[in-house]
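Start from the sequences, fold in the hints, and give me the full structure.
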Amino acid sequence: MKNYIAVVLIVLSLTSCQKEKISIGTNASDTFYVDNAGASMRVLVEGNTSSHTFVLFVAGGPGASSFFYNTDYIKNNIADKYACVFWDQRNSGASQGNSNGSNLNLPQMTDDLKKVIEVIKYRYGENSSVFLLGHSFGGLLTASFMTTGDNQNMVKGWIYADGSHNYPLNDTLTRQMLITVGQQQIAENQNTDQWFPIVDYCESHTGGFSLDESFQLEDYAEQAETLFSVVKQVNLFDLIRQYAIKDNWPLTSILFNYLYSSNDDFNQELAKTDFTSQLYKVTTPTLIMYGEYDFVCPKGLGEDLYNHISSPEKKMVISPISGHDIFLQDQAFFCDQIDQFVLQNK
Amino acid sequence: MRILKYSLLIVMLGLSVEAFPQHQDTVKIIRRSSGLYLSYNSSLIYPGVRAGLELPVETIRFDKLKASGEKKYFVRDRYITINMGWYHHPEFHDNLYLTGGWTMRRTNDKGFFTEFSPEAGFSRTFLGGTTYVVDNNGNVSIRKLAGYFYGLVSVGGGLGYNLEKVKKIPLSVFSKLNLLLMFPYNSTIYLRPALEIGVIYRPVNFLKMRVKSKNRMR
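As they're listed, the protein sequences go chains A and B. Per the working numbering, the first sequence starts with residue 1, numbered consecutively. Per the working numbering, the second sequence starts with residue 1, numbered consecutively.
By construction, these hints were calculated from the structure, which means they are not laboratory data. Since the structure is predicted, the reported quantities are computational estimates derived from the model, not experimental observations. Where a beta carbon is used, it is the ideal one built from N, C-alpha and C, also for glycine. It cannot be assumed that every hint is accurate.
[Stated by the list, open to error] With a straight-line cut-off of 30 Å between C-alpha atoms, the simulated DSS-like cross-links for lysine-lysine are:
# : chain 1 : residue 1 : chain 2 : residue 2
1 : A       : 114       : B       : 168
2 : B       : 144       : A       : 246
3 : A       : 121       : B       : 144
[Said to hold, decoys possible] Facing chain B, according to a computed beta carbon distance under 10 Å, are these residues of chain A, among others:
#  : residue
4  : 17
5  : 18
6  : 31
7  : 40
8  : 92
9  : 105
10 : 106
[Said to hold, decoys possible] Label pairs and their computed distance ranges (CB to CB):
#  : chain 1 : residue 1 : chain 2 : residue 2 : range
11 : A       : 105       : B       : 155       : 33 to 39 Å
12 : B       : 145       : A       : 23        : 20 to 26 Å
13 : B       : 175       : A       : 29        : 33 to 39 Å
14 : A       : 255       : B       : 65        : 47 to 53 Å
15 : B       : 191       : A       : 211       : 24 to 30 Å
16 : B       : 114       : A       : 255       : 29 to 35 Å
17 : B       : 137       : A       : 125       : 15 to 21 Å
18 : A       : 241       : B       : 217       : 40 to 46 Å
19 : A       : 29        : B       : 136       : 29 to 35 Å
20 : A       : 211       : B       : 45        : 37 to 43 Å
21 : A       : 273       : B       : 155       : 51 to 57 Å
22 : A       : 105       : B       : 170       : 47 to 53 Å
23 : B       : 112       : A       : 255       : 31 to 37 Å
As structure tokens, then:
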């Protein structure tokens, strides 16, 4: 038995990936982990690390993996110029741990994000320029980060893509948009079978939404963007087929982490979270991007953010063909806007 | 009178069982060598290895006489197993796991077998990249051998061929699909299917165990 253990340990040490590997080049691909409060969070750095400019993707969810953001288009149109950092938040994607559910909360995740940036600067140099990119729930998390202490001094810019910094406002805007657009569509006799129940539901739920109502609005919002042919539909299974083997996705980890995080009690807290009153603290250059057909996080959230931050340099742009996943539904627009913004502010 | 009636019934039942046996067991204790196995243990494209011991506990041979007069038999074996496995999932983790199990194997007279084996044990993962820890002052350090211990249960089923039956070589080849479940993984579970392809070797005199051996007629 001792011999077996020795053999396996030798094999293990031969193949061990824990040796520090820091690649400075135009086509880097480094994976490392950041350990904090019971979670070991996977971080993948891809692309041009010699630029010393890092676009840090903060995924949606909670519980969605950053694997979904690492597309070929982004590799060829952002990662060729800058390094893209794909961070799996605690209890998501390839992040690992034991019984750590009690640490799944927004202040802890804000601290995690700070530590991820500290590790990027430790690895690639203190002179590294970091740009935060928050998508959907990542918008809430980056809003928490940007309005906490002097965290914003750690980054050169904030990119806010289909984000939500104010969940109660988000529910209100989603409801309004579903009613307004739904009534227009019904008047034009478009997809009336789908729109009637959506509009009925929204008209009978007027505010003070419970978590269940909030989830129902989100379901209707996701359904609504599929009713417009101009919006490119995202097929999760196509992404899995295209990237799961190539990028070594741990599929069951992604699935069980997502199921746990999206159903955890901390969603009750998130449903009440509102950073609008804190946004005046933000003075960092900010790029705000939304999809015209985003019912999940309507562009009104972007207007709220734009109107409340104190950044002298701020810009809001709308993709005319995108829903909630602008990085997949209007890739050229998404990458061009990021490229221009980073170039101006790095 | 009633007692006599019941006693007679019981005696008659007993006689009928003896007269028309459905199952006839001959039990004896024999000594049999243990087996060693080694297998390739892959999940999709990710490599791994498993090795272990199977200690025989019980063997039952079932003989049956077919309507055509042909005699057939199959053997049902039970083993306690001690297993060590490892797999490598790049950039995710390496996992080393130790389990104890109970294998139920049924081999026909041509040497083909099917088996089912539940196992339980624990695992230790090694994260697939350098792991950093940052203290509250912003000092960064590297955590060596970063990873986690998990409880692990597994169930597996497979098939194989025992070369000993026909070719008198103390080897079996097998393939088995296992489903590993690790816990608590981020306060939930982690599931991983793994396909094994391997060989079992039974040396003549290796860890000989006292095995309950039965012959049963059908």
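Can you name, in rising order, the numbers of the hints this structure does not satisfy?
Checked against the structure, the hints that fail are numbers 1, 9, 10, 18, 21 and 22, while the rest are satisfied.
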